[in-house]
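From first to last, the protein sequence lines are chains A and B. Quick note: the first sequence uses the numbering used here, first residue 1, plus one each step. Quick note: the second sequence uses the numbering used here, first residue 1, plus one each step.
Treat the hints with care, as some may be off.
[Said to hold, decoys possible] Think about it this way: if two alpha-carbon atoms lie no more than 20 Å apart in a straight line, the pair counts; the simulated EDC-like pairs of lysine to aspartate or glutamate are:
#1 A:K20 with B:D143
#2 B:K43 with B:E226
#3 A:K20 with B:D125
#4 B:K265 with B:D232
#5 B:K80 with B:D34
#6 A:K20 with B:D144
#7 B:K80 with B:D50
#8 B:K265 with B:E226
#9 B:K265 with B:E237
No lab work stands behind these hints, which were simulated from the structure alone. Just so it is clear, the structure is predicted and the values come from calculations on it, not from any experiment.
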Amino acid sequence: MTDLRTTFPTRPESTPAFPKARLRSPLGAWPVLLPALAITGVVVAATGRMRSWPYQEWVQTSAEFHQQNVFTAPIAAAAATYFAGRLLPPSRVFALPSAARAGRQTVAQHLGLLIGVFVAAYLLGLLPLVVVTVSDAEHGGPDIGAMLTGVLGLALATAVGYLVGAVTRTALTAPLSFVLLFGAAVVGSSGDTFSSLAPVLYITPVLGSVQSTPFVVYRLAFLTVCAIAVVWTAVGLLRRHRVSGRFRGAAALLPLLLPAVLAVPPLLSKPALFAYEAEVPQVCRAAGGVEYCVHGGHRSRLDLLVAATDAAVQRYGRPAPFTRVYDEALRGRPVDGTDEWRPEAPDTVLWIPIQPQNPTETRPVQAVYVLSGSGACRRLGDAADPESVRLADDLGGWLAGTVRSHNAFAGLPDSAVRQWIAANVDRIAGCTLTPESLPSR
Amino acid sequence: MTDRAARTGSAPHEALFDRSTEQKRRPYVRIVIDDVRFRYGKKSVLSGVDWVVGTGVTGLLGPNGAGKTTLLSLLVGLEKPDSGVLRFEGATSGAIGFVPQRFSLVGGMRVLDTVAYAAWVNGVDRVDCAVAAVRALAAVRLDDLAAARVRTLSGGQRQRLGVAAALAHEPDLLVLDEPTVGLDPAQRMRLREVIADIGRTRTVLLSTHLIEDISHLCQRVGVLAEGRLVFDGTEAELTDLVDSTPSPGVLGSPFERAYHALVAKLGADRD
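In isolation and in its complexed conformation, chain B is listed as follows (with noise of 0.2 Å):
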């Protein structure tokens, strides 16, 4: 046992991770994203984005088929763009960590196994899995099931067994792709201080639907619509940009009524 553990009587592996050694380590990652287009076939899905992804856990919102998840697959290198560039500015590893929206286990594999062999098919050492899985598992509270068998989780410790498996290679950038879709309440509160634990020593991006998300974790918000960016900024500065008195039959907070009335005013400019 290290002469910190000894010291605190915490678990052996709990002494090698210091967080404020790694949180000073840690450089930022900047995602430029400039001019970016992609196509299925014919229809084009992204028409020129341009954005820039700054620190801290940042927020991807908007409509059904608006582009997030095709713009979340050209990040991490799913797609390749068909004009535009894509750039990770600070990156240190240029390893990117990808939670999909919907992701397959194996119930049968035990939580360590499912985290370290993800550390290793991502490129760690052999030696360093184990350390690395354990230390991903910590960071979404899972350390304590790291022996259980993955079919005995539940749906938000799947959840979050899949986002351990994004962090296990240490990326630079980690991207969830509607990460709280199918929680309940009680499970989606869970994974967002996971996150936003996450996103104090790391840059994070996220797609959602959900404004709760944005509101509970996302320093900025970026919109996408009918694949262009239409806002980036805070929570604030989009309540302050599009009036959002509230009206009769429309419900929730400032920054709902907010993006709701930006998506539906750019419905009426194009018809």
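Isolated chain A, as found in the complex (with noise of 0.2 Å):
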């Protein structure tokens, strides 16, 4: 073609009243700016609580970047089809196949704008989280890997939608793309099986552990390959179009076996999600005989731990069956042989969960199950006697500082159930509780 500023007087400078034509988006702002908005708002609702927590982990902010797309994918390729399918059919008078940027050129025209604005909304909303943490979080940093998996996946979500509405050439089929793509999402996050195919996981990392760098990677490479596929088959169908006017819709699909093929080795063979961190960073202290350690980004807690689970062990007024206090963030590092984590706790380490969403360092939860004998009675389960289970529960409030008025310790002295407790530890650990046994009032 040649060049047409020859034959094409230009703009003079001096002609403010010229009109202003919308090219990169001829629909006008709204189909673009409107689903933007809803990707913002629901990034922002959804992480609402996440802020509100009173510390934060890298680990969770960076893995928030990957699950906040089960919403706002399907928006993205809702969105995407709606454009496609006013723009592409190609009876519109300004998307005739022989154009000379049918194809290559408009996909990325198109694509460009609504990736960039939907990624720029994603964006924008996970940024008040992203200032919590960088202001409240004690240890470790963004997990870029992880990061980079949302962004990807949302980008991928908008190709696919732009890809229906290119297949279907109608902006009726947008709830379509919604549905598919939120499958999707519902597939990923069902269970491990499709959890390297989807980027929204069922389960997500915490302080302490990571994502493991083969598993990121793989994410990547396939979310990659398939938002290539995508945009190869959306230009295809168009460059085909162009071509003949015969439509060779299976050719153009061709692509879409990459991807495929990539999704079998793990279906097949599934990879390890999660990895212990390499290097822990560990805050120490003993009180009352007992060692507590947690992990360095959550030193803050220690010592709302150490008062929390002190007081319990004080009120039990005895040695307690365990020596150590670890936080479950630290698992990943080596104790002893036999320091195992395991979640019920029954040797001397008693493993605490410390985590922002569930802050139980400031209750003394884990603590209380043992030394009231709770966890002995759920080890039981439906051996335990029922009446046992009830007084090791009313035990556990009475340790705990929280005694109702139905509690079988309800108005005893302190002294009294310090006693009572120190002539009844083998049935305490055992679950044979009885009410006969109860102390005197």
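The task is to assemble the complex, starting from two chains supplied on their own in separate frames and drawing on the hints.
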């Protein structure tokens, strides 16, 4: 094509009244801005609870970058389908398949705009959480790989939606794209079978663990290949319209085989999602003969943990069956051979889950569970005598300092309960307490 | 505002387009169609079309199913001929403007954006698209509706908007497939004026089944029947060629009668 500038007069600088054409978004601003606002709004709302946590963990904030795909990806996909469905039908006077820019340049312009705006909106929605994390996190930094999977996930969702619009040639299929992408998020979050293939995970890591490098690398590669294949297919579809009026859809869809092949290995052999943090900083303190240790990222929680747990141990009045209270975030750290992490901690190490969304360190839940015998009763399951279970729970309440009126230990002097505990240590540990064994009032 | 605009008091963008200069610059394009054949599956649609389309507005007439739309599709690159050659002599850009018989628009889009975006899709540099759009809208006399939404346009205005979209990238050749179909007489007249104007500065090929379109617009006419070009000449030549003596029950102009007589004769020959 010749240089049209030779035949087109260029716009003089002195013509302010000259109309401005909307080329990037010929449908106007709203078909792009409205979903962008929705994306930002959804992310801001969905991360609101996280922002109110007493402290932040980078590992969880990083994971939110892909977890927030759950609703935003369907929105982006539906909006892209609408956009493509309005602009790409070959019957449009401005989208005739014989046009010079039909194909690569059209797809590049459209997807460049949509992905650019939607990703910007997504990151804008996550910005408040990042700011809070920068301010409140006590350890570590962003997991760029995990964050990128989320950004790529949103970009891919937009491209998929665009492809749906290009194939169906109508904006009416926008709800179909929404359902399709929401389905993908649900599949990904339903278990670890499809975790490698969908941006949304069914579980997110907490402090002390990280998303494993092979897992993240695979996800990044898979999402990238998917995005390339989808864009390639969209370009191919438009190009084929251009070359021939006959629709050769099957050939245009060939690039989609690439991600389909790449999806097979993780389905056959599920990769480990998480790995323990390699070098875990530890902060410790001793109180009442018990050593308390937390992850460096939980240093501000140590005093709360000691205060709550030590109070229960003091009420117990005897040496506790555990001598060390460890933050579960340390479980990747070698302790002793016998100190392997176990959820019910029957041994000398009591593992405490310290998580910002459930600050159990301020309540001696785990310690009381062990000291009162409730843990022993739970282990017995249906074999446990219900009366013994009730008494163990009542004792737990008394140890935690939350005695209600119907509690069997309500109104009893502390010294009497402690004496009773000392006399019934074995029955408490074996979940064989009976009402007759209670101290007299 | 430019000097000319200042002198004449016209809108700023009008001064950008000097039609006389444009007319001098633009070379006319000759379309050479040489033994073009095309089949849809087993059905032969074009069976060896030879035609040279010259300057000005040329009409393509033919009964339904004659292959008019297929020939236009081959010209604009929507289809590829099974054999034969299509050549554009004198083309500077190789660009073709095409207005299909049925095309769609987006009602919510502005008129200006529709044409400017069409210009971009057809290869115009981004910075030139607005100028191109205003120019094309002026050519089809829709420049006063540039800011309007497409949904507010009448059928005739939409048809002219389609022509503007096909013109915006300054094609050497404009191809129109049944442009006046579905328009009321007043709208049809207005569109014919627009097409005639465009034909003064570039080569225009339009297919139609309306004899009136040919009479009002075309310097030459080709008649396509059963996949072959059976006539190429002027309206007068066709009238002279075929006996168009009025007969009872046959109405219309001498040209119309001649055309119908030609088509009827072809049918009789075949039988």
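Now the hints, each set against the structure:
1. Distance hint between K20 (chain A) and D143 (chain B) is fulfilled; the C-alpha atoms sit about 13 Å from each other, no more than 20 Å.
2. This hinted pair checks out: K43 (chain B) and E226 (chain B) have alpha carbons roughly 11 Å apart, not beyond 20 Å.
3. Distance check on the hinted pair: K20 (chain A) and D125 (chain B) sit about 14 Å apart at the alpha-carbon level, within 20 Å; holds.
4. Restraint check: the Cα-Cα separation between K265 (chain B) and D232 (chain B) comes to about 16 Å, which is no more than 20 Å; the hinted pair holds.
5. Annotation: proposed proximity of K80 (chain B) to D34 (chain B) holds, straight-line Cα distance about 14 Å (limit 20 Å).
6. Simply put, K20 (chain A) and D144 (chain B) have alpha-carbon atoms about 15 Å apart, close enough for the 20 Å limit, and the pair holds.
7. Between the alpha carbons of K80 (chain B) and D50 (chain B) the distance comes to roughly 16 Å, so the proposed pair stays at or under 20 Å and holds.
8. Proposed proximity of K265 (chain B) and E226 (chain B) is supported: the alpha carbons are some 13 Å apart, at most 20 Å.
9. With a C-alpha separation of about 17 Å, the suggested pairing of K265 (chain B) with E237 (chain B) holds against the 20 Å cut-off.
Violated hints: none; the structure is consistent with every hint.
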